[in-house]
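Assembly of the complex is requested from the two constituent chains, each provided in isolation within its own frame, with the hints serving as guidance.
Quick mapping for you: the protein sequence lines, in order, are chains A and B. Every letter in the first sequence is one number past the one before it in the numbering used here, and letter 97, counting from 1, is 97. If you want the numbering used here, it's the 1-based position in the second sequence plus 250.
Since the hints were derived computationally from the structure, they do not count as laboratory data. What you were told as hints is all true, and nothing was included just to trick you.
Across the chosen pairs, the derived CB separations fall in these ranges:
#: 1; chain 1: B; residue 1: ALA393; chain 2: A; residue 2: GLU76; range: 38 to 46 Å
#: 2; chain 1: A; residue 1: PRO68; chain 2: B; residue 2: ARG377; range: 23 to 31 Å
#: 3; chain 1: A; residue 1: LEU119; chain 2: B; residue 2: THR512; range: 25 to 33 Å
#: 4; chain 1: A; residue 1: ALA19; chain 2: B; residue 2: GLU569; range: 36 to 44 Å
#: 5; chain 1: A; residue 1: PRO68; chain 2: B; residue 2: LEU479; range: 22 to 30 Å
#: 6; chain 1: B; residue 1: LEU563; chain 2: A; residue 2: LEU213; range: 51 to 59 Å
#: 7; chain 1: A; residue 1: ALA89; chain 2: B; residue 2: ALA269; range: 49 to 57 Å
#: 8; chain 1: B; residue 1: ILE252; chain 2: A; residue 2: LEU213; range: 55 to 63 Å
#: 9; chain 1: A; residue 1: SER132; chain 2: B; residue 2: ALA396; range: 35 to 43 Å
#: 10; chain 1: A; residue 1: ASP164; chain 2: B; residue 2: LEU566; range: 32 to 40 Å
#: 11; chain 1: B; residue 1: ALA393; chain 2: A; residue 2: PRO39; range: 38 to 46 Å
#: 12; chain 1: A; residue 1: GLU115; chain 2: B; residue 2: VAL447; range: 28 to 36 Å
#: 13; chain 1: B; residue 1: LEU389; chain 2: A; residue 2: ALA19; range: 33 to 41 Å
We put the beta carbon where it would ideally sit given N, CA and C, even for glycine.
Residue-level listing of the chains:
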Amino acid sequence: MAEAALSLRGVGHRAGGVALVEDVSLDLRAGEVLGLIGPNGAGKTTLLRLMAGLLRPAPGEIRLHGRPLPAWPARERARRMGYLPQHFAPHWDYTARELLRLGLERGGSAEGLEEVATLHGVAGLLGRRWSSLSGGERARVLAASVLATRPGVVLADEATAALDVGQSLALMRRLRAAAREGAAVAVVVHDLNLALAGCDRLALLHQGRLQALGPAAALAEDARLDAAFGVAFVRVRTEAGLLLSARGGD
Amino acid sequence: MIAWLLPPLGLLAGLMLGAVTLTPAEALSLLADPAQPLGQLLWQWRLPRVLAAGCVGALLALGGAVFQGVFRNPLAEPYLLGSAGGAAVGATVALLVALPLPTWLALPLLAFCGAWGATWLVLALARLADGTSVAALLLAGVAVAALLGAVRSFLMLALSDETVSLQAVLAWALGGVQTPSWPELAVLGALTAAALVLCLGLARGLDLLGLGEAVAESFGLPVRRFVALAVLAGAFVVAVSVVWGGLVGFVGLMAPHLARWTAGPLHRGLLPRAAAIGAGLAMLCDGAARALLPPAEIPLGLVTAAIGAPFFLLVLAREARRG
Numbered sequence: 001m002a003e004a005a006l007s008l009r010g011v012g013h014r015a016g017g018v019a020l021v022e023d024v025s026l027d028l029r030a031g032e033v034l035g036l037i038g039p040n041g042a043g044k045t046t047l048l049r050l051m052a053g054l055l056r057p058a059p060g061e062i063r064l065h066g067r068p069l070p071a072w073p074a075r076e077r078a079r080r081m082g083y084l085p086q087h088f089a090p091h092w093d094y095t096a097r098e099l100l101r102l103g104l105e106r107g108g109s110a111e112g113l114e115e116v117a118t119l120h121g122v123a124g125l126l127g128r129r130w131s132s133l134s135g136g137e138r139a140r141v142l143a144a145s146v147l148a149t150r151p152g153v154v155l156a157d158e159a160t161a162a163l164d165v166g167q168s169l170a171l172m173r174r175l176r177a178a179a180r181e182g183a184a185v186a187v188v189v190h191d192l193n194l195a196l197a198g199c200d201r202l203a204l205l206h207q208g209r210l211q212a213l214g215p216a217a218a219l220a221e222d223a224r225l226d227a228a229f230g231v232a233f234v235r236v237r238t239e240a241g242l243l244l245s246a247r248g249g250d
Numbered sequence: 251m252i253a254w255l256l257p258p259l260g261l262l263a264g265l266m267l268g269a270v271t272l273t274p275a276e277a278l279s280l281l282a283d284p285a286q287p288l289g290q291l292l293w294q295w296r297l298p299r300v301l302a303a304g305c306v307g308a309l310l311a312l313g314g315a316v317f318q319g320v321f322r323n324p325l326a327e328p329y330l331l332g333s334a335g336g337a338a339v340g341a342t343v344a345l346l347v348a349l350p351l352p353t354w355l356a357l358p359l360l361a362f363c364g365a366w367g368a369t370w371l372v373l374a375l376a377r378l379a380d381g382t383s384v385a386a387l388l389l390a391g392v393a394v395a396a397l398l399g400a401v402r403s404f405l406m407l408a409l410s411d412e413t414v415s416l417q418a419v420l421a422w423a424l425g426g427v428q429t430p431s432w433p434e435l436a437v438l439g440a441l442t443a444a445a446l447v448l449c450l451g452l453a454r455g456l457d458l459l460g461l462g463e464a465v466a467e468s469f470g471l472p473v474r475r476f477v478a479l480a481v482l483a484g485a486f487v488v489a490v491s492v493v494w495g496g497l498v499g500f501v502g503l504m505a506p507h508l509a510r511w512t513a514g515p516l517h518r519g520l521l522p523r524a525a526a527i528g529a530g531l532a533m534l535c536d537g538a539a540r541a542l543l544p545p546a547e548i549p550l551g552l553v554t555a556a557i558g559a560p561f562f563l564l565v566l567a568r569e570a571r572r573g
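Looking at chain B on its own, in the form it has when it is part of the complex (with noise of 0.2 Å):
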């Protein structure tokens, strides 16, 4: 119920937070009524950005819930895996770089490519030492993640010029979601979709892969098809997220673990679970992130990891009590 509760809650505080800030009353009499200033303002600006938000919040927390099933690992999350960090490098590469193909096309198709592998090259590392423990894939993550992060600040730092902005290119990084135009809107609106009927489709292989490899099989999964195939749709929802919201943490960990505490652990009801609470996530911090330092916005990606890194924290003592 908390998790069905949480999208409008935070729409409705995302409509409200901001350089101006907003009564409940206000927002909603504003949102009715789009021939105002005000109004117009609210429908043009602050609506779709809020909405992004919360695509992006459902995206991360699909692909952490994703990614949680198939590492069968509490702690796996898009940024924590370094698959958020090989999206933003691929990302990077594709804002900063003259490619033969239109920008539109190349950031989607590279941030995917880079998501993808960083999250086999950590799978690989990780299984190089124990498997998919806790700790050997957070060290496996935490190396990854802080070699594309150098990666791209090297690649920034020797690509950027006149014509692009570093401190754009530095502010996507840090996460943050733009206002985008209706249409667009749209477009994300769409693959949002698209990404839960994906990850609703691994569902129940997810569930079997959650009783161990072994009798996940002799349940009738093909476990090694299965984990790249989940690994490729992972890496696809990372990617979308990435390209319109940078570099966010911990919301596809948080979200995961609320949805997995109201609706236990079965991935049928997770996912949409998760989804919903990551978006109410992604939208009160973002809303958080435009309100907190008037008229300066601070990154998403910063106010999310002021909530998220102690949540870490406390699921990572639960784990280690759990052994």
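Pulled out of the complex, with its shape left as it was, chain A reads as follows (with noise of 0.2 Å):
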């Protein structure tokens, strides 16, 4: 099997005296895309901010391409791994070209950018500020700064949260597509249904430990993901594949 583009091994993290994350080991390879599942609380922010090299794993390691994460220099680090924010807010009003000129030179220059705007579909918004840009403009302009140094790592924190469908299933669409290039994908997602329909395989986290991890169709049918979330999910097998409808709770 192929190395993990990204390891965890026994990751864990407190604050205040609370485990957010406790004892996560997972693989993330190269070309998959790996959704985050769970509750509210359950650590998928915070795993992914481990992930990111944002948190420090105490107790635990992570490793990106086989070396420690804190080991890689920051740039380098950067060049190989993009992270979407769950909210983005730049302090300042930066055009979308500025924007992405900002991702493009973590790869050292910015040669290429109005290659990599039309690669994203961000050509026609590069003059624009960003305090002018739709919330799907905005998602765009992030991904392809995010994006722009064509990281073997991607990490993504329910970017969909703030978008409409269309735009939530444009955005997974190009985080496959990233993937189908051989980037390693991770995304917390929200919606499960989003996430039966764009990830390969889930991790079903719940109260900072990994309940189960496995191929979205099969975590799907797993009754730890009704226990985890503290309802009897009915299961509708469609043309387009399973789709879960929560019923009742407690």
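Encoded structure:
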């Protein structure tokens, strides 16, 4: 089996005496889209921030392409890893061109900016300031900036949270395209049906622990999913695949 | 374009204005003929004074631009943040206390320590509240600036004696550029150029910091180390400006804003324009300070405050509307 692009072994993180993530081990492989799912407070965002190197695991270790994450020089790591935050609001009113340039410069130069803009469908937005962009346009510009260096690992933290259905699907398609080009993609997804449709494997988190990890279709049938969310899911089989519908709760 | 026009305009206005007001043609012809008595006066007194004011303005603008970038706050500026106040306390100690160091060394050294310490104090207080929000930073800055103002006043009252003119220290504290000798001006000019180079070295990091700490970190910026470095650089810039110009408020607020309006938010373009605008503004205000009540001079800090305070309120209102 190919070496994992990002591997986590026994990863934990505590804040204020509370364990937010505990003993998580998983491999993120090149070419796959891994969905991190779980109820609120499950530790998905904390885990993704650990994977991105924004938080330090204690205990445990995270390796990027076989090398411990802290051992990577910051710029090298930035070139190889893209992080899409849950909320992004730049403090200054950058233009789309400026944002794309900042993303592209992680690779050492801003050459090829126009090509990257065309590839990500933001060529027509380059001159526009952030404040004048719609929600969907902002998501496209941010994704273009983060994916500009074609990073080998892409981590997206509920990047679809503020988007409508069409925009969410478009962003998932963009992440899928990155995976097809060889990137290892991990994405925190709140909408379980979006996760089922857009991810190859799912990692179910609950109370900071990894409850289940497996192919999306198999995990959708797993009773641990119902237990983690505290609901009995109704599983509807359609031509497009399995759909989950929540009924009841306590 | 406007940014680059301001320094020559400020220089011309600075040469024209004063106890004796000149027309532009008179100022230029006297400048071209230093053999004339009035030409000599212009070269020996007015020109170095105007250029020194320009350097102080450029330094304040650079300090403001760096602090606005570091704090990601459009209202951050050396005067309001308390860093200029910290530098002033350091400088007051250097002027009034007999130290085992020569004044030329003690003054910039203590001013730097004061600016650095005050900026960290404001940053720490703002973080205790809610990070770098406009309100938290302003309140912390106001509190620290008030405290430092009280400390400075106490030092001035307690330590001044017949050997040190209280009025001279007070005039300096209110903001004012003294006429330097040409060698002194060369030192100030070199320090200003060094400050510009230093700040330009921070440009990319400041741009990335504007994306928020998480994205900046993921784009390869070691945020904590960079903020520490940028605060150090900002403190150096502010200390040099305070040593040469006293407490001059609002230039560090206005110049980066005007530069951002003309050049956009990327610091590679913003910093040199802010420096140019700051230099132009300070030269204009210094000219006005000399011309408004001849033969007396109004402290430069009063003139910049008269223009800067309404500007500050305008920016505050804009920020409040943005939420």
